[in-house]
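Enquirer: The chain contents come next:
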Amino acid sequence: MQVATLSWSPEDGLAMAAGASQADLVLYFGARGVLAEGRCHRVLRAAFPGAVVVGCSTGGQSLGLEVEEDGVVGAALRFAATRVRLATEDSIARDGSHACGRRLGAMLAAPDLGAVLLLSDGLHVNGSALAAGITEGLGPNVPVSGGLAGDGSAFAATFVGAGDDAPAERRVAAIGLYGSSLRFGHGSAGGWRRFGPERRITRAEGSVLHELDGAPALDLYERYLGEEAQGLPGSALLFPLRIWNPARPDHELVRTVLGVDHATRSMTFAGDMPVGWRAQLMRGGVDGLVSGAAEAARAAARGCGGGAGDGLALMVSCIGRRLLMGQRTAEEIEAVAAQLPPGQPILGFYSYGELSPHASGGQCELHNQTMTITLLREAA
Amino acid sequence: MRDVEAKMERLFARQLALASRPDGHLDIAALARMVRSSYEEAERDRLRTDRAMDLMAAELEGANAELERLLRNLSIQNLRFEAALANMPHGLAMLDAEERIVVVNARLGELLGLPDGVIVPDAKLEDLVAAASARGFCPGQGAQEATRDMRRSLLSGGAAEIERMAGGRTLLLSSRRMEGSGCVLLVQDITERRAQQARIAHLAQHDALTGLPNRAHFLARIDQALARAQRGEGFALFCLDLDRFKQVNDTLGHPIGDLLLKEVTARLRTTLRDTDMVARLGGDEFAIIQDLARQPPDTAALAQRIVEVVSAPYLINGHRIVVGTSIGIALAPADGAAADTLLKAADLALYRAKADGRGIWRFFEPAMDARMQERRSLEIALRDALEQESFTLLYQPLLEVGSLRVSGFEALLRWRQPDGTLTLPASFIPLAEETGLIVQIGEWVLRQACRTALSWPEQMSVAVNVSAVQFRHARFVEQVREALSGSGLAPYRLELEVTETIMLQDSAVVIAQLNRLRALGVRIAMDDFGTGYSSLSYLRSFPFDTIKIDRSFVRDLDARGDARAIVSAIVGLGESLGMRTTAEGVETEAELAGLRRVGCSDAQGFLFSHPIPPEDVPGFLATSAKTFPAAAAE
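Sequence order for the protein chains is V and S.
Just so you know, the numbering used here puts the end of the first sequence at 542, numbered straight through with nothing missing.
Just so you know, the numbering used here puts the end of the second sequence at 1035, numbered straight through with nothing missing.
By construction, these hints were calculated from the structure, which means they are not laboratory data.
Predicted model only: the values in this text are computed from it and were never measured.
Even for Gly, the Cβ is constructed at its ideal location relative to N, Cα and C.
Worth double-checking, as some hints may not be accurate.
Claimed, not checked - Listed next, the stretches of chain S that the computed footprint assigns to chain V, with coverage defined by at least 3 CB atoms under 8 Å from CB atoms of chain V:
id : stretch
1  : 409–420
2  : 433–442
3  : 1005–1011
Claimed, not checked - One-sided and incomplete, this derived list gives chain S residues near chain V with beta-carbon spacing under 10 Å:
id : residue
4  : L448
5  : E460
6  : L653
As the list claims (entries may be wrong) - Example chain V residues on the side facing chain S (calculated, C-beta under 7 Å, incomplete):
id : residue
7  : F241
8  : A318
9  : G488
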């Protein structure tokens, strides 16, 4: 497997290593404004005629250690033996997320399917339903990782470009990687600390949370955010919500806020908020989040093992982490890099939701406020 | 701290690197922006943290206050719960999944007979059962066995109930699984309830007065005996009732009647063997099952003994009472394979015994049943006849012996059969009397006769026979009044013929009834005089208008001197008491001549006319005016 990193900007155009155009798969991430007008996607399609080209808008993207907000970064992958197949679904709706995931899974399912990378619209989807749907379509043994596209801290529109189709809203792209030589490692961790009392979800519908302990959820967030409440829904990311089923206290999930409704005092999260589940606010410090990132990278490295040629580390980290860490965001990428072989290319973006198998083992789930690392490599 | 320094140094180094231009110059303004921004980020984070800590503290305080409030409530609730536990009538224990007693009330110990302190916290079920077992719980079972039994019957399912004995008391133990794990065990003393149920069951099966099994219980016992009879162990079924018991009740009152029944019961009990059974079926009816299985006893001898024992005089509250008994006996399985068939057979035999003269016993014979069936169908036919108006009246003229003028007619009842033949009253009146149908039939006769007589010449009367049963009936006087007013017939034209039998009853009542009738203005004749008791006191006790001389004397008038003497005496008696005398069954001119000689006032019989239908009366009257005056002139 060979990996060539690349970058693109409206001013400077495409920059990449020579000879990379033979790639089988090109992944790219960029600012929503830059991707929306579609030029970048066309340029990459032209530059890599034989490749499946897939990318999405972000809340910041990184190639190497620095996070940037304006341009586009990417990587071109050429596999020795692994085959690549793309499946897409357009016009996804929150209610149809599960069915959409199941259709994508069914499109890609095959005996030699090794793993699936998933990039999805970040605002119009119920991420947990999408994850459950695709797992249902694929069967339980195929690892799925990826993330939900971002839009900085604006939460206005997110874009996914895939194959022949230039970036658009409400799109989900799933990339199937086939063959026995593929090595796929993944890890996901948060590093947030729980704080304050445990609460109970007393009223919710799907991913819309109305009440915690019988009081409007938005009241709680506004109280804790103080002046920063003006930055809602983005500022709600400073206090992620940890939720868990009381019958399975070890299997906790962290949920990110995607939107708020001041009229109904409700908040929309990236995934389901089941009534009866427990919830607890979380808060982060740079050090904790950095340790979380390192833990995710360690797990991914453990799961992937060694291999021949280059590998790619795909990093999907939550926008909330970046909001909190500010200029110190680079520290979590440094921590990830420290766990990987020297010189390992790291391509990633800040997302509205991360997708990866749950750390306690099992199927693909939607995570929030985590650092999720996926390592791709081919066996010798 | 060194770690923090290192981090800050790396941050500053990164800021420096970002602020450095490719030519190596440092962009001071950019660096300043970044550094300021870093401060701002740190300050915002500090403020955020402070605020979060304050809010969290407040929330925790609130939560703590709420928790304390809940604790207080819980403790109040706990007190109430304990009060409820202490005051409930049931014993209660809650067991956890390991059968440890986690909650228990004092009542449980009381019910199991355990002294205080035996049930300690965390005691296990087996400890409890062992202690209770030592004090009489589940007698006959060892402690281990009792524990196993409790586990199996109470703790294995969701909810269960068992009854166990404890020191002579009956305890009901019930269990219900608790949500989560463990179960609630309730113990209640149901000794009284069970005793009450037993009393009720006994009452339902026994007669309260005598304590004997009642009819329902007796029928069940017959069924059991019949089941044994299938295996060849036959039995005799006795039905008996007391003769003249009603009179005892009527004259001495029900309390004495009740005491008599108890005394009869006692005598019957001493007369029977243990293997026999006596029951009271109701009123003065008793029934006995005589077991014929073991030694073949003499059924007839038992019947005889019962008759003797029951008939012996009783002395109750100073009254000397004599009643008798009649007995009907059916043999099983020969006389019936079902309880009701057998009982019916014994009843039929009883009926026969009473008909044959009381104070005796009769075995059932199939012919009794046939006769009964016949009676049943006759009764049904009688009812139909009333409804369909199949009865009719014929009229036989009465003539004055002297003038041979027709003075009236006697109405005679006939039952018209579907084939047109007419049935005489002798074949159906006894049954009509027995069933009470005579009251309705008699009423019809009265109305019909009065209506018909109205069309006759004014001086002619109509005579109607009255049955003793009809005469006794409470509405009889009313019926007569209605027949008269309904037809418009003058009362003096109606003559009611009563027989001597009515005079055999309570004479004061009969005389009162006769006087009420007389008050209506009707005439009253003593029918069939000379055939029965013919007590002269009857004639003295009531001023009858007419004495009717039975045909048997008239028949022998010619041949036998004694008959002539009797007729002559009756006529003389009538004359002296101011009563007319009517001779019945006059068939020959010689008889008529004899009657004329003794001075009898009226006569009727075939000599003059057979009974005729009402439409023939005018014709008869027309011809008789021509025919008989000749005879009169003789």
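Enquirer: Now tell me if each hint is right for this structure.
Expert: Verification of the hints:
Figure legend: the stretch 409–420 of chain S, annotated as covered by chain V; annotation consistent (4 residues with Cβ-Cβ distances under 8 Å, at least 3 required). Residues of the stretch 433–442 of chain S with a Cβ under 8 Å from some Cβ of chain V number 4, which satisfies the need for three, so the listed coverage holds. For a cut-off of 8 Å, the count of residues in the stretch 1005–1011 of chain S with a CB near a CB of chain V stands at 0, and the three-residue condition is violated. Satisfaction of the interface hint for S:L448 is found here, the shortest Cβ-Cβ separation to chain V being roughly 8 Å, below the 10 Å cut-off.
Taking 10 Å as the C-beta cut-off, the interface hint given for S:E460 holds, the closest approach to chain V being about 6 Å. Violation of the interface hint for S:L653 is found here, the shortest Cβ-Cβ separation to chain V being roughly 84 Å, above the 10 Å cut-off. At a threshold of 7 Å, the smallest CB-CB gap from V:F241 to chain S is about 35 Å, leaving the interface hint violated. Against a cut-off of 7 Å between C-beta atoms, the interface hint on V:A318 is violated, since the closest Cβ of chain S lies about 24 Å away.
Taking 7 Å as the C-beta contact cut-off toward chain S, the hint placing V:G488 at the interface holds, the least distance being around 4 Å.
When held up to the earlier numbered hints, the structure conflicts with 3, 6, 7, 8 and fits the remainder.
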